[in-house]
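Q: Sequence:
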Amino acid sequence: MENIRLLFQLYFRPASAMSDIIDNGNWLFAAVLVLLVSLAFFAFVNIRLEEAYRIPELGQFYKPEFSQLDEDSPQAEAEYNKAVQQYRTAMSERQKIPVVGDRFFDFFSFDPAAPYRPLLTISIFYVPTVILLISLFGGIGRFGTVLQRDYGVLAVCTLMAWAAAHLPFAVVGALLSSAGVSPPVFLGLWLGGGLLFGVLMVFAIRTVFGANYGTAIVVVCIAWLAFTLGMYVFRYVSPWMFSPFLIFYAVIYLGGFVGGEVRGFGNAFRQRQNFKRFLHNATVNPKDADAHVQLGLIYLQRRQEAKALEHLNKAYEIDPEEIDANYELGKIARAKGNLQEALDHFSVVVDQNDKHALSEVWREIGATYLEANMLTEARDALEKFVERRAFDSEGLYYLGKVLKAQGETERAREMFQQAVDSAKTSPDYRRRDLRYWSKLAQKEI
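The numbering used here puts the first residue of the sequence shown at 63, with every later residue one more than the last.
Please note: incorrect hints may appear among the correct ones.
Below are the DMTMM-like pairs computed for lysine to aspartate or glutamate, each with C-alpha atoms no more than 25 Å apart in a straight line [claimed, not checked]:
#1 Lys376 / Asp386
#2 Lys393 / Glu372
#3 Lys501 / Asp483
#4 Lys158 / Asp85
#5 Lys501 / Glu476
#6 Lys376 / Glu422
#7 Lys393 / Glu383
#8 Lys158 / Asp173
#9 Lys393 / Glu449
#10 Lys417 / Glu470
#11 Lys398 / Glu383
#12 Lys446 / Glu379
#13 Lys505 / Glu433
#14 Lys349 / Glu372
#15 Lys505 / Glu476
#16 Lys369 / Asp173
#17 Lys446 / Glu506
#18 Lys505 / Glu445
#19 Lys486 / Glu439
#20 Lys417 / Glu472
#21 Lys398 / Glu470
#22 Lys398 / Glu449
#23 Lys369 / Asp386
#24 Lys369 / Glu379
#25 Lys369 / Asp350
#26 Lys398 / Glu433
#27 Lys417 / Glu433
#28 Lys501 / Glu472
#29 Lys398 / Asp386
#30 Lys349 / Asp386
No lab work stands behind these hints, which were simulated from the structure alone.
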């Protein structure tokens with residue numbers, strides 16, 4: 063019942079639903095749901111599209127008997143010519159996909175006899191492709207590491223997203239199946255399911271990986287090619303090669319790399335869910351501020367700011383001196399423009415440890431004073447930070463802004479140039495994050 067609730071929650075609060083799926087989702091439920099929805103969708107939508115837009119083949123019209131295959135008789139030739147004429151007539155009278163025509167079938171298929179494909183394509187091709195793309199564009203780590211850590215989580219979110227996206231269109235297709243509506247209506251249902259799936263995947267990628275909207279949209283727009291890859295693989299490789307029974311026996315009996323990796327994906331998913339449950343259980347203790355802080359950090363990574371604030375504020379209520387809670391609340395307050403509140407939180411952090419978060423608390427203080435146009439205080443804080451972190455592009459950029467505002471244009475230019483150079487020479491996984499500050503510094507130069 064919990065998973066059914068999460069399914070319908072995707073229609074109204076997709077971001078929150080994806081977060082709850084990470085915590086409480088079940089892969090087996092999601093897999094069975096995809097199979098059931100795909101059966102209905104293929105039966106009521108794909109079958110109508112296949113009937114309307116299928117490209118005829120000559121073999122449909124010309125089926126000579128075996129006794130005639132080697133005969134060059136006038137009768138055989140006449141039958142062949144008749145079949146060719148029927149084939150040409152069918153080709154000229156058939157409907158084509160609007161706008162793109164038959165090029166559509168280079169990338170997609172309506173084959174109604176393969177309702178197992180969505181589950182296998184998502185599991186084997188689509189989820190790894192998304193992880194590869196987010197590793198390239200999102201700067202979250204190496205592909206192998208992210209695959210091992212996040213495959214199970216993303217797979218459950220993706221399967222739930224596919225089922226939720228196609229379920230309403232399958233229902234509409236069933237209602238229209240006997241109404242005699244034109245094929246373009248069913249094509250609209252097919253496209254609607256794909257579009258809604260893409261929208262839900264944007265929320266899935268943001269929640270699982272903490273990506274911004276731009277990165278998530280780019281990944282979704284490219285990752286659909288995985289479905290095309292799956293189509294060609296299933297076309298030329300027997301689907302029995304991907305039989306669940308064969309996969310089961312491979313995991314159980316072959317062991318080694320294959321079995322270890324599959325178990326590793328599941329273990330990583332279960333460990334994440336168990337850790338979250340442990341933290342929630344720990345919050346029962348009215349004096350345990352740290353559990354609320356950790357939950358707040360998890361929700362911040364998932365871009366669930368409302369839930370993050372709820373737990374961080376609770377931690378602050380339990381212990382107003384909690385250093386991590388004050389630091390995160392200060393950053394959130396600055397982002398919302400509550401500058402004095404941000405400074406109050408940062409002062410608590412500095413009083414306890416002025417090197418907190420690798421001294422980034424001073425960068426946050428300096429940026430807050432800069433937004434308040436308190437340039438002297440901003441300069442003091444940022445110079446202290448840059449002295450400790452001389453190659454931080456963000457801190458160098460802020461210091462350059464302060465110096466520029468104070469009229470020290472040459473030194474400001476020097477800071478902006480250092481910000482650009484630092485971003486260029488940073489490790490690959492950091493360079494993507496620092497590109498934003500490098501671009502801002504280049505504009506200032």
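Q: Does each hint fit the structure? Answer for all of them.
A: Status of the hints after comparison with the structure:
1. Lys376 / Asp386: Given that 25 Å is the threshold and the Cα spacing comes to 12 Å, the pair holds.
2. Lys393 / Glu372: The hint holds at about 15 Å.
3. Lys501 / Asp483: 11 Å, holds
4. Lys158 / Asp85: Distance ~45 Å between Lys158 and Asp85 Cα, so the pair is violated.
5. Lys501 / Glu476: 15 Å, holds
6. Lys376 / Glu422: 24 Å, holds
7. Lys393 / Glu383: 16 Å, holds
8. Lys158 / Asp173: It holds: about 16 Å lies between the C-alpha atoms, which stays within 25 Å.
9. Lys393 / Glu449: Given pair Lys393, Glu449 holds - Cα atoms ~22 Å apart, limit 25 Å.
10. Lys417 / Glu470: Given pair Lys417, Glu470 is violated - Cα atoms ~28 Å apart, limit 25 Å.
11. Lys398 / Glu383: Judged against 25 Å, a Cα distance of about 22 Å means the pair holds.
12. Lys446 / Glu379: Status violated; Cα separation ~31 Å.
13. Lys505 / Glu433: 19 Å, holds
14. Lys349 / Glu372: 16 Å, holds
15. Lys505 / Glu476: With a Cα-Cα distance of about 13 Å, the restraint between Lys505 and Glu476 holds, given a limit of 25 Å.
16. Lys369 / Asp173: Judged against 25 Å, a Cα distance of about 43 Å means the pair is violated.
17. Lys446 / Glu506: This hinted pair holds, its Cα atoms lying about 22 Å apart.
18. Lys505 / Glu445: 22 Å, holds
19. Lys486 / Glu439: Violated: Lys486 and Glu439 sit about 29 Å apart, past 25 Å.
20. Lys417 / Glu472: 29 Å, violated
21. Lys398 / Glu470: Between Lys398 and Glu470 the Cα gap is close to 29 Å, so the pair fails against 25 Å, i.e. violated.
22. Lys398 / Glu449: With Cα atoms ~28 Å apart, Lys398 and Glu449 exceed 25 Å; violated.
23. Lys369 / Asp386: Status holds; Cα separation ~16 Å.
24. Lys369 / Glu379: Holds. Lys369 to Glu379 sits at ~15 Å (cutoff 25 Å).
25. Lys369 / Asp350: 18 Å, holds
26. Lys398 / Glu433: Answer holds: Lys398 to Glu433 is near 12 Å, not above 25 Å.
27. Lys417 / Glu433: OK: Lys417 and Glu433 at ~22 Å, within 25 Å.
28. Lys501 / Glu472: Within the cut-off at roughly 19 Å; holds.
29. Lys398 / Asp386: Answer holds: Lys398 to Asp386 is near 18 Å, not above 25 Å.
30. Lys349 / Asp386: 16 Å, holds
The structure shown violates the earlier hints numbered 4, 10, 12, 16, 19, 20, 21, 22.
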